[in-house]
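For the protein sequence lines, the chains are A and B, in the order given.
Using my numbering, you'd call the opening residue of the first sequence number 6 and step up by one each time.
Using my numbering, you'd call the opening residue of the second sequence number 6 and step up by one each time.
Each hint should be verified, as a subset may be incorrect.
[What the hints assert, rightly or not] When the alpha-carbon atoms are kept at most 20 Å apart in a straight line, the in silico EDC-like pairs for lysine to aspartate or glutamate are as follows:
1. 72/B - 367/A
2. 72/A - 389/B
3. 72/B - 389/A
4. 194/B - 61/B
5. 194/B - 272/B
6. 72/A - 351/B
7. 72/B - 351/A
8. 72/A - 58/B
9. 194/B - 58/B
10. 194/A - 272/A
11. 72/B - 145/B
12. 22/A - 389/A
13. 151/A - 117/A
14. 72/A - 158/B
15. 194/A - 145/A
16. 194/B - 351/B
17. 194/A - 61/A
18. 151/B - 117/B
19. 194/B - 117/B
20. 151/B - 162/B
21. 72/A - 145/A
22. 72/B - 378/A
23. 72/A - 61/A
24. 194/A - 349/A
[Stated by the list, open to error] A few chain B residues facing chain A, derived, Cβ under 8 Å:
25. 71
26. 105
27. 109
28. 113
29. 328
30. 340
31. 352
32. 373
33. 405
Hints listed in this document are in silico derivations from the structure and should not be mistaken for laboratory results.
All C-beta atoms, glycine included, are put in the ideal place defined by N, C-alpha and C.
There are 2 protein chains.
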Amino acid sequence: MNTTPVIPDSVAVAGGKLVRTQGVTAPAGFRGAGIAAGIKVSGRQDLALVFNEGPDTAAAGVFTSNKVKAAPVLWSQQVLTGGRLRAVVLNSGGANACTGAPGFQDTHQTAEHVAATLSDWGTETGAGEVAVCSTGLIGDRLPMDKLLAGVTEIVHELAGGISGGTDAAYAIMTTDTVPKQAALHHANKWNVGGMAKGAGMLAPALATMLCVITTDAIATPAQLDEALRNATRLSFDRLDVDGATSTNDTVLLLASGASSVAPSQDELNAAVLAVCDDLADQLMADAEGVTKRVTVTVSGAASEQDALVAARTVARDSLVKTALFGSDPNWGRVLAAVGIAPIELDPNRISVSFNGNPVCIDGVGAPGAREVDLSGIDIALRIELGVGDAEVSIRTTDLSHAYVEENSAYSS
Amino acid sequence: MNTTPVIPDSVAVAGGKLVRTQGVTAPAGFRGAGIAAGIKVSGRQDLALVFNEGPDTAAAGVFTSNKVKAAPVLWSQQVLTGGRLRAVVLNSGGANACTGAPGFQDTHQTAEHVAATLSDWGTETGAGEVAVCSTGLIGDRLPMDKLLAGVTEIVHELAGGISGGTDAAYAIMTTDTVPKQAALHHANKWNVGGMAKGAGMLAPALATMLCVITTDAIATPAQLDEALRNATRLSFDRLDVDGATSTNDTVLLLASGASSVAPSQDELNAAVLAVCDDLADQLMADAEGVTKRVTVTVSGAASEQDALVAARTVARDSLVKTALFGSDPNWGRVLAAVGIAPIELDPNRISVSFNGNPVCIDGVGAPGAREVDLSGIDIALRIELGVGDAEVSIRTTDLSHAYVEENSAYSS
Numbered sequence: 006m007n008t009t010p011v012i013p014d015s016v017a018v019a020g021g022k023l024v025r026t027q028g029v030t031a032p033a034g035f036r037g038a039g040i041a042a043g044i045k046v047s048g049r050q051d052l053a054l055v056f057n058e059g060p061d062t063a064a065a066g067v068f069t070s071n072k073v074k075a076a077p078v079l080w081s082q083q084v085l086t087g088g089r090l091r092a093v094v095l096n097s098g099g100a101n102a103c104t105g106a107p108g109f110q111d112t113h114q115t116a117e118h119v120a121a122t123l124s125d126w127g128t129e130t131g132a133g134e135v136a137v138c139s140t141g142l143i144g145d146r147l148p149m150d151k152l153l154a155g156v157t158e159i160v161h162e163l164a165g166g167i168s169g170g171t172d173a174a175y176a177i178m179t180t181d182t183v184p185k186q187a188a189l190h191h192a193n194k195w196n197v198g199g200m201a202k203g204a205g206m207l208a209p210a211l212a213t214m215l216c217v218i219t220t221d222a223i224a225t226p227a228q229l230d231e232a233l234r235n236a237t238r239l240s241f242d243r244l245d246v247d248g249a250t251s252t253n254d255t256v257l258l259l260a261s262g263a264s265s266v267a268p269s270q271d272e273l274n275a276a277v278l279a280v281c282d283d284l285a286d287q288l289m290a291d292a293e294g295v296t297k298r299v300t301v302t303v304s305g306a307a308s309e310q311d312a313l314v315a316a317r318t319v320a321r322d323s324l325v326k327t328a329l330f331g332s333d334p335n336w337g338r339v340l341a342a343v344g345i346a347p348i349e350l351d352p353n354r355i356s357v358s359f360n361g362n363p364v365c366i367d368g369v370g371a372p373g374a375r376e377v378d379l380s381g382i383d384i385a386l387r388i389e390l391g392v393g394d395a396e397v398s399i400r401t402t403d404l405s406h407a408y409v410e411e412n413s414a415y416s417s
Numbered sequence: 006m007n008t009t010p011v012i013p014d015s016v017a018v019a020g021g022k023l024v025r026t027q028g029v030t031a032p033a034g035f036r037g038a039g040i041a042a043g044i045k046v047s048g049r050q051d052l053a054l055v056f057n058e059g060p061d062t063a064a065a066g067v068f069t070s071n072k073v074k075a076a077p078v079l080w081s082q083q084v085l086t087g088g089r090l091r092a093v094v095l096n097s098g099g100a101n102a103c104t105g106a107p108g109f110q111d112t113h114q115t116a117e118h119v120a121a122t123l124s125d126w127g128t129e130t131g132a133g134e135v136a137v138c139s140t141g142l143i144g145d146r147l148p149m150d151k152l153l154a155g156v157t158e159i160v161h162e163l164a165g166g167i168s169g170g171t172d173a174a175y176a177i178m179t180t181d182t183v184p185k186q187a188a189l190h191h192a193n194k195w196n197v198g199g200m201a202k203g204a205g206m207l208a209p210a211l212a213t214m215l216c217v218i219t220t221d222a223i224a225t226p227a228q229l230d231e232a233l234r235n236a237t238r239l240s241f242d243r244l245d246v247d248g249a250t251s252t253n254d255t256v257l258l259l260a261s262g263a264s265s266v267a268p269s270q271d272e273l274n275a276a277v278l279a280v281c282d283d284l285a286d287q288l289m290a291d292a293e294g295v296t297k298r299v300t301v302t303v304s305g306a307a308s309e310q311d312a313l314v315a316a317r318t319v320a321r322d323s324l325v326k327t328a329l330f331g332s333d334p335n336w337g338r339v340l341a342a343v344g345i346a347p348i349e350l351d352p353n354r355i356s357v358s359f360n361g362n363p364v365c366i367d368g369v370g371a372p373g374a375r376e377v378d379l380s381g382i383d384i385a386l387r388i389e390l391g392v393g394d395a396e397v398s399i400r401t402t403d404l405s406h407a408y409v410e411e412n413s414a415y416s417s
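Isolated chain A, as found in the complex (with noise of 0.2 Å):
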């Protein structure tokens, strides 16, 4: 099921209009493309390229923290320390997670014969700075012959505008039903543009969460990575489904600067958190089985690491999910799941509303709170713990047949 709601053409966000039908070479300087290398066995587009032309090339990129790293997060993580990007190679149909020394060798073959390719084309480029990124399976090889011979032809394909963008978020999909896109053109005349595939990253990740932002904005490396790690704090971080965390969870940051324009780093923060925040959206309105689009708000905590902590519990907790999913009020279930988080609590001063309706008050039920409808597709659980002043909202979903259909039925 695809819930993701039909936005207006564009909205105003962050000093700009943001528009869904465009992602990364909205800004100025990028070109992408996304092939079919056979690398899929359905047959589907399976490998992308995202292209940043320059003249700039600074990049940030913020990783998966399972200690359990996939071989291409290995590899990208230890390009981005020189903070330069030329490209990043994303393949869909395999993880390369779990396979060792040679899987290793894999991903830095493939980076090596991207940075070939594009020289050969005319921009000189090193194997440092080209990342790559990959989602699948986990623990299988991947086809390298195919693979490069998709390096080799994808090349050929890079486009600006709409269509390269746009090919390249088609070709990173695993078992998301649509591509995710977002751009923000920034009424100073720069703009920022993203892709992402999966849900979630840090906790969360369904299956793997990939995402390239690329901006056409003049900015170091040391005021991307603040502006992504900002973001993600925000955004992804705050996108839980199911409490799981890939091996190959990857956001990059990429900055042309040929839109000649140098924000400030307030300007880029925003602008960088309005693209990831839409796209955190995207990732749960199409997360495996949704049937609701659920936002768990924290309020009145000590802390805001406690409204973190407490909303996450609850974003994670199966019978509170399995209960959302049958439209159910269940708000004892909701206490009981913030019993257990391991924050300051005081259980007599607990209130808990859902849309807005009140289902106790004070750690006691109300009236009615049993017959309030959640029959909707959006469900706003709002728990306010009346001992402080910090507030928190993750983004989750409910736990649904189909979520346990798909996990069941496909080896991914």
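Chain A is fixed; fit chain B onto it per the hints.
Coordinates of chain B only, in the frame set by chain A:
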């Protein structure tokens, strides 16, 4: 689905013989009863009483770690500070949690009425010697008229032998499909018996877990406390179906001294553990929606705590659990789950096996890993970390359609 395995008539364990056909009335000095008091709308049995005739009334208790505690938990914790219990009254059909001061007053009144009725029948009893346990939907008040009338009636029904304990075991069931009982007859002529409902405590708990253990051994409250804490730590605390923890979890241990035998602390520990361990096994086998009985063993950990955290993380992982439901030996998900556990870990030294078949060796897939047959009901998932000597096993279940169905359809 009830997958409780048929065990032999009795098995030798902890210096005695263990049977599942008897429970809390197996030890001398205990009587039990279970009746339908009208608390459940279904009309099924919903009120149980366990009565200690003495001569001793030593007791100990372990309660939920949830900060949101039900009224009967608050009451029984207070009662247990005295280290003495004459009786335990248990109801299904309502948890009496999140019911505020009026709910606590209901619990107090129940204990008072049990004490008064037992006193009328010749055993001078104070309310401070009566523990109260409740299970069912969180947030609603109990129908006190029916409950108090039931208390008056149930004291008439108290019986020793097998029937009294078995009736009590039936009366505490909610979503359980079978009653859970176990009794250990020690070679030295003393006994331990127990009954339980639900699945789990502390971290676990599908619905509320309640458990009453009895013994006719002579033991002080301190000895009982040690035996009970040791047993719960190694049994119920290592059962984790869905990571949820009830507001009402209670495990009580009552000693009558009627055997006139005073076992050593080690003997008592072993016997109480044997009964708790067997009850934990029965809880797993009858957990909501279970189709697979799964044991997750983590060995080679740097510490017992690390092994426990890693095993629990895997046991709670929705992607691992749905894969097991699908009989899919998806070891990559196991590695991804282990990788997010906050423990000492070397990704290149992790090995994994399913039912003795190696699927991952030193962090890389083993030949034939995808072909391991997991179609049977029992799955032993073993994870060797290779960084130390500690080992812990956690009992869990798969995540099935039936789990989603049961928990989305039932406001529990």
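Now for the hints, and whether the structure bears them out:
no.	hint	verdict
1	72/B - 367/A	14 Å, holds
2	72/A - 389/B	16 Å, holds
3	72/B - 389/A	16 Å, holds
4	194/B - 61/B	17 Å, holds
5	194/B - 272/B	12 Å, holds
6	72/A - 351/B	8 Å, holds
7	72/B - 351/A	8 Å, holds
8	72/A - 58/B	56 Å, violated
9	194/B - 58/B	18 Å, holds
10	194/A - 272/A	12 Å, holds
11	72/B - 145/B	19 Å, holds
12	22/A - 389/A	33 Å, violated
13	151/A - 117/A	15 Å, holds
14	72/A - 158/B	59 Å, violated
15	194/A - 145/A	45 Å, violated
16	194/B - 351/B	50 Å, violated
17	194/A - 61/A	17 Å, holds
18	151/B - 117/B	15 Å, holds
19	194/B - 117/B	35 Å, violated
20	151/B - 162/B	16 Å, holds
21	72/A - 145/A	19 Å, holds
22	72/B - 378/A	28 Å, violated
23	72/A - 61/A	32 Å, violated
24	194/A - 349/A	46 Å, violated
25	71	4 Å, holds
26	105	4 Å, holds
27	109	11 Å, violated
28	113	17 Å, violated
29	328	7 Å, holds
30	340	5 Å, holds
31	352	5 Å, holds
32	373	12 Å, violated
33	405	7 Å, holds
Comparing the model with each numbered hint stated earlier shows that hints 8, 12, 14, 15, 16, 19, 22, 23, 24, 27, 28, 32 do not hold.
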